[in-house]
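S.K.: Assemble the whole structure, with the sequences as input and the hints as a guide.
There are 2 protein chains.
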Amino acid sequence: MTSAARKRKKPTSKEVGRAEGLSLTEPEIAVTDAVGRLMEFWGFKRNMGRVWAVMYLSPHPLTAADLKDLLQISSGAVSMTLAELTRWGVVKKVWVQGERKDFFVGEVALWRMISRVLGERERAEIVSAVEAFEHAIESLELKRRDARTDDALRAKIDLQVRRVRALLELSKLGRTLLDALLATAKVDAEPLTRFLLGGGRSE
Amino acid sequence: MTSAARKRKKPTSKEVGRAEGLSLTEPEIAVTDAVGRLMEFWGFKRNMGRVWAVMYLSPHPLTAADLKDLLQISSGAVSMTLAELTRWGVVKKVWVQGERKDFFVGEVALWRMISRVLGERERAEIVSAVEAFEHAIESLELKRRDARTDDALRAKIDLQVRRVRALLELSKLGRTLLDALLATAKVDAEPLTRFLLGGGRSE
DNA sequence: CGGACCTTTCAAAATATTTTGAACGAACCG
DNA sequence: CGGTTCGTTCAAAATATTTTGAAAGGTCCG
Numbered sequence: 001m002t003s004a005a006r007k008r009k010k011p012t013s014k015e016v017g018r019a020e021g022l023s024l025t026e027p028e029i030a031v032t033d034a035v036g037r038l039m040e041f042w043g044f045k046r047n048m049g050r051v052w053a054v055m056y057l058s059p060h061p062l063t064a065a066d067l068k069d070l071l072q073i074s075s076g077a078v079s080m081t082l083a084e085l086t087r088w089g090v091v092k093k094v095w096v097q098g099e100r101k102d103f104f105v106g107e108v109a110l111w112r113m114i115s116r117v118l119g120e121r122e123r124a125e126i127v128s129a130v131e132a133f134e135h136a137i138e139s140l141e142l143k144r145r146d147a148r149t150d151d152a153l154r155a156k157i158d159l160q161v162r163r164v165r166a167l168l169e170l171s172k173l174g175r176t177l178l179d180a181l182l183a184t185a186k187v188d189a190e191p192l193t194r195f196l197l198g199g200g201r202s203e
Numbered sequence: 001m002t003s004a005a006r007k008r009k010k011p012t013s014k015e016v017g018r019a020e021g022l023s024l025t026e027p028e029i030a031v032t033d034a035v036g037r038l039m040e041f042w043g044f045k046r047n048m049g050r051v052w053a054v055m056y057l058s059p060h061p062l063t064a065a066d067l068k069d070l071l072q073i074s075s076g077a078v079s080m081t082l083a084e085l086t087r088w089g090v091v092k093k094v095w096v097q098g099e100r101k102d103f104f105v106g107e108v109a110l111w112r113m114i115s116r117v118l119g120e121r122e123r124a125e126i127v128s129a130v131e132a133f134e135h136a137i138e139s140l141e142l143k144r145r146d147a148r149t150d151d152a153l154r155a156k157i158d159l160q161v162r163r164v165r166a167l168l169e170l171s172k173l174g175r176t177l178l179d180a181l182l183a184t185a186k187v188d189a190e191p192l193t194r195f196l197l198g199g200g201r202s203e
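Protein sequences, first through last, are from chains A and B. Residues in the first sequence are numbered consecutively from 1, following the numbering used here. Residues in the second sequence are numbered consecutively from 1, following the numbering used here.
Mixed in with the good hints there might be a few duds.
[Claimed, not checked] The calculated label-pair distances, taken between Cβ atoms and stated as ranges, are: (1) B/Met80 / A/Ala155: 30 to 36 Å; (2) B/Arg100 / A/Ala180: 47 to 53 Å; (3) B/Leu159 / A/Gln72: 19 to 25 Å; (4) B/Trp95 / A/Leu142: 49 to 55 Å.
[Claimed, not checked] Covered, in the sense of this in silico footprint (three residues per stretch, anywhere, with C-beta under 8 Å from a C-beta of chain A), are these stretches of chain B: (5) 26-32; (6) 62-70; (7) 76-86; (8) 128-136; (9) 166-175.
[Claimed, not checked] Dumping the calculated BS3-like pairs for lysine-lysine here, alpha-carbon to alpha-carbon at most 27 Å: (10) A/Lys45 / B/Lys45; (11) B/Lys172 / A/Lys186; (12) B/Lys186 / A/Lys172; (13) A/Lys45 / A/Lys143; (14) A/Lys172 / B/Lys45.
Derived by calculation from the structure, the hints in this document are not laboratory data. Don't be surprised by glycine CBs; every beta carbon is placed ideally from N, CA and C.
M.R.: Here it is, written out as structure tokens:
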């Protein structure tokens, strides 16, 4: 459990002004850190979470420099993090009238964001596991033929086939659930949310 | 993407015999590696996945020494990994008549295993995020009072409240889904599996 | 007791991941 | 053009995580 985020200098000024004395408010810090931890937990870099969260909480687009100051990370890190977030479709570049710098905004539709990420990331992982299991089952079935004489060996192989099949099924179930989720997400998340939680509205 | 697993010496003997010339068969390697990667992806150590998988595929309980040989890891690593897996309730110690060593078997009920892990791990993470978001909303609402005069600031705070609420809702949704899943799992996974995939049986 | 066995522990070493910041490369401006 | 201002890249440094293996602690004989 790391807590790099906690090492940050306590901000003295109260507000984020989009200009000079850049710092986060206390609730902003709390939220960005929470999101950072969550993202880290889900296998991303903590800074990806923090950067996204800062943008999500900002009323206006931010520049790389803003992020650098607000989160106290190096320019290189900002650049790389933004690039990565952009690849995940979670952040986008916007043009601001008359400004030379690039500005960025966070994806505000949480559900779209999640479905994009889940769709790409978990899916790939699961698919490759499914392939591995399928292949293993084939191998086992081949081996089984050569084991005609050896009863103990056959028993072992049979057990393994059954178990790998169980793994395979489970993976497929995962894939199915994921697909269902993504399908729902594609249409619209709100109904689902409201149904399950009974009320509230998402941004 | 690491691939430490691939560095292992190719086994020459064909079978795992529970005694001396210990090595994994090719399908065993494939499956243990796949599970290892999957586990790593889900935030565990690769070796936890590998160790569990070896046991899952074994027709009989294994000793720490067996695992050490089969997976070519140090005795310390085996001990620690087993301890961890045991804490997760994914492996258990069994007594074998007349043997002095400890023997271990892997949890074979995949669903039980998953629900146990999800229940403890993800839940904690989500709960703490929920708390952070709730707290942040309170803070924001306090701040909002002090901002009576400053319209722009009020607008910003309002936006933030809305957005953090969205995060909160999402987290709660996650928690709800998790709970639903766990409830299902507690009863029995099979029906769910069969329903979704249409057929097959799990170990 | 004393010696074989086993297991656990833990500091040090090996690895892997993340971050930094200086160097480079555009785009723009006058 | 030369001077700025940004953005990106990437090797090196900082961190974090994982693994090792030797030491220490138990337990079970004889």
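S.K.: Each hint: holds or not?
M.R.: Cross-check of the supplied hints:
1. The supplied range of 30 to 36 Å is met by B/Met80 and A/Ala155, whose beta-carbon atoms lie about 32 Å from each other.
2. At about 51 Å, the CB distance of B/Arg100 to A/Ala180 agrees with the hint of 47 to 53 Å.
3. Judged by the Cβ atoms, the range 19 to 25 Å given for B/Leu159 and A/Gln72 holds: they are separated by roughly 24 Å.
4. In this structure the supplied range 49 to 55 Å is violated for B/Trp95 paired with A/Leu142, their Cβ-Cβ distance being about 36 Å.
5. Residue count for the region 26-32 of chain B with a Cβ under 8 Å from a Cβ of chain A: 5. That meets the three needed, and the coverage hint holds.
6. Check result for the region 62-70 of chain B against chain A: violated, 0 residues qualifying (beta carbon to beta carbon below 8 Å, three or more required).
7. Judged by the Cβ-Cβ criterion of 8 Å, the region 76-86 of chain B is not covered by chain A as claimed, because only 0 of its residues qualify and three are needed.
8. With a threshold of 8 Å between beta carbons, the proposed coverage of the region 128-136 of chain B by chain A holds, since 6 of its residues qualify and at least three are required.
9. Counting residues of the region 166-175 of chain B whose beta-carbon sits less than 8 Å from any beta-carbon of chain A gives 6, enough to reach three: the coverage restraint holds.
10. In summary, the hint linking A/Lys45 to B/Lys45 is supported, as the alpha carbons are separated by about 17 Å, within the 27 Å threshold.
11. Taken as a hint, the B/Lys172 and A/Lys186 pair is honoured in the structure, with Cα atoms around 20 Å apart against an allowance of 27 Å.
12. Taken as a hint, the B/Lys186 and A/Lys172 pair is honoured in the structure, with Cα atoms around 20 Å apart against an allowance of 27 Å.
13. With a C-alpha separation of about 43 Å, the suggested pair A/Lys45 and A/Lys143 falls outside the 27 Å cut-off, and the hint is violated.
14. Taken as a hint, the A/Lys172 and B/Lys45 pair is honoured in the structure, with Cα atoms around 23 Å apart against an allowance of 27 Å.
Hints 4, 6, 7 and 13 from the earlier list are contradicted by this structure; the remaining hints agree with it.
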